[in-house]
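Participant: Given these sequences and hints, build the entire structure.
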Amino acid sequence: MKHRKPEMIRGARANVPVAASAMAYGSVLGVLAAQKGLSWLDMMYMNSAVFAGAAQFVMVDMWSNHMPIFEMTLAVLVINLRYLLIGASLDPLFSGRSLLHKMGMMHLVADENWAVTMSEQRNGSATTWFLFGGGVFLYLAWSSGTLIGLLGGGFITRPEEYALDFAFTAVFTALAVGLWRGKGDVLPWFVAGAAALLAHKFLPGKWYIVAGGLAGAISAMVGPCESDEVEKVEEVEDAAGY
Amino acid sequence: MLPAIEPQVLIAVGLAAAVTYSLRLGGLLLASRFPRSGRFRRAMDALPGALLFSLVVPSIVAEGVWGLMAAALTAIVVLRTRNTLAAMLCGMLVIFAVRKMGL
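Protein chains in written order, with the working numbering: chain P, 1 to 242; chain C, 1 to 103.
Don't read these hints as lab results, they were simulated from the structure.
Just to be clear, a hint being listed does not mean it is correct.
With a straight-line cut-off of 30 Å between C-alpha atoms, the simulated DSSO-like cross-links for lysine-lysine are [what the hints assert, rightly or not]:
no.	chain 1	residue 1	chain 2	residue 2
1	P	K5	P	K102
2	C	K100	P	K5
3	P	K201	C	K100
4	P	K201	P	K102
5	P	K183	P	K201
6	P	K206	P	K36
Facilitator: Spelled out as structure tokens, the structure:
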């Protein structure tokens, strides 16, 4: 394990852009939490135990003097269902690692450090410690953001004004570009995008991520093989007179 | 002075945490039991890209034509420079400018 520390630092560095926007958004959650009467200890407990941005927003929204425990748990389950797929997609990265190692690393997997790690893995240089280092860094940024918002009374109350809400979209778009594998991805990405748009229109919450991810993966399963596709492309090119 | 955490908060957040961690670890542990080749493997290989693409498409489309422009610029910048931060800032700048001008 002599590469543990440099790998963690490399992971943390790669997460700087996403951590900056997570911190800004964390401060918004902190402001909302202050209005709901959460103490800084409540906030830190939630940050440390749950560590999932979207779910925490919903939890704070549902927060009251008499906690709707069942509804809250169900809402968190639905919103975080995508982590089942995110976890599954990390299998190649964790191959050969012990159960204990997996158990220790997975808690700090969020959308952000997952996406950064997946894009790094396309270059063949991602490790589990890279993922974990990003997670630790993200946790620190997210937690300090929420505490600044909670205690400081929100200096970024309207992040939309500064396009901060688009920061996540932009950074995830950049990372998605890194995951593009070529022609074979046309079908799964097209199906994923279409399914995500439909689900976003007709289903509440974060279902669109699960729907799009599953639809894209299934289309890759039932769709033509890579070799078939190459032949098809050649046929088209022949027909076009190349 | 340390504020106390109410028992109901302890339970509610604790359950949310248990559910979230189970999903994270459960996905990883289930996947290691899946076949290593064939059609299922192809689905698993396509999953990361499909998942990340699904994450961004609705929010890009929600911004309309300028959202598509911002996303295209982001993609071009990251392809040219391999710099995620620069790409993110370019995309944000488009949306910031568009909103400021009320387009």
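Participant: Within 30 Å, alpha carbon to alpha carbon, are K100 (chain C) and K5 (chain P)?
Facilitator: Not satisfied, since the Cα-Cα distance of roughly 43 Å exceeds 30 Å.
Participant: Decide if the proposed pair is consistent with the structure: K201 (chain P) and K102 (chain P), CA atoms, cutoff 30 Å inclusive.
Facilitator: Not satisfied, since the Cα-Cα distance of roughly 36 Å exceeds 30 Å.
Participant: Does K201 (chain P) lie within 30 Å of K183 (chain P) when you go C-alpha to C-alpha?
Facilitator: Judged against 30 Å, a Cα distance of about 28 Å means the pair holds.
Participant: Within 30 Å, alpha carbon to alpha carbon, are K5 (chain P) and K102 (chain P)?
Facilitator: holds, 18 Å
Participant: Does K36 (chain P) sit within 30 Å of K206 (chain P), going by the straight-line distance between their CA atoms?
Facilitator: holds, 23 Å
Participant: Tell me if the straight-line CA distance from K201 (chain P) to K100 (chain C) falls inside 30 Å.
Facilitator: holds, 27 Å
Of the numbered hints stated above, those contradicted by the structure are hints 2 and 4, listed in ascending order.
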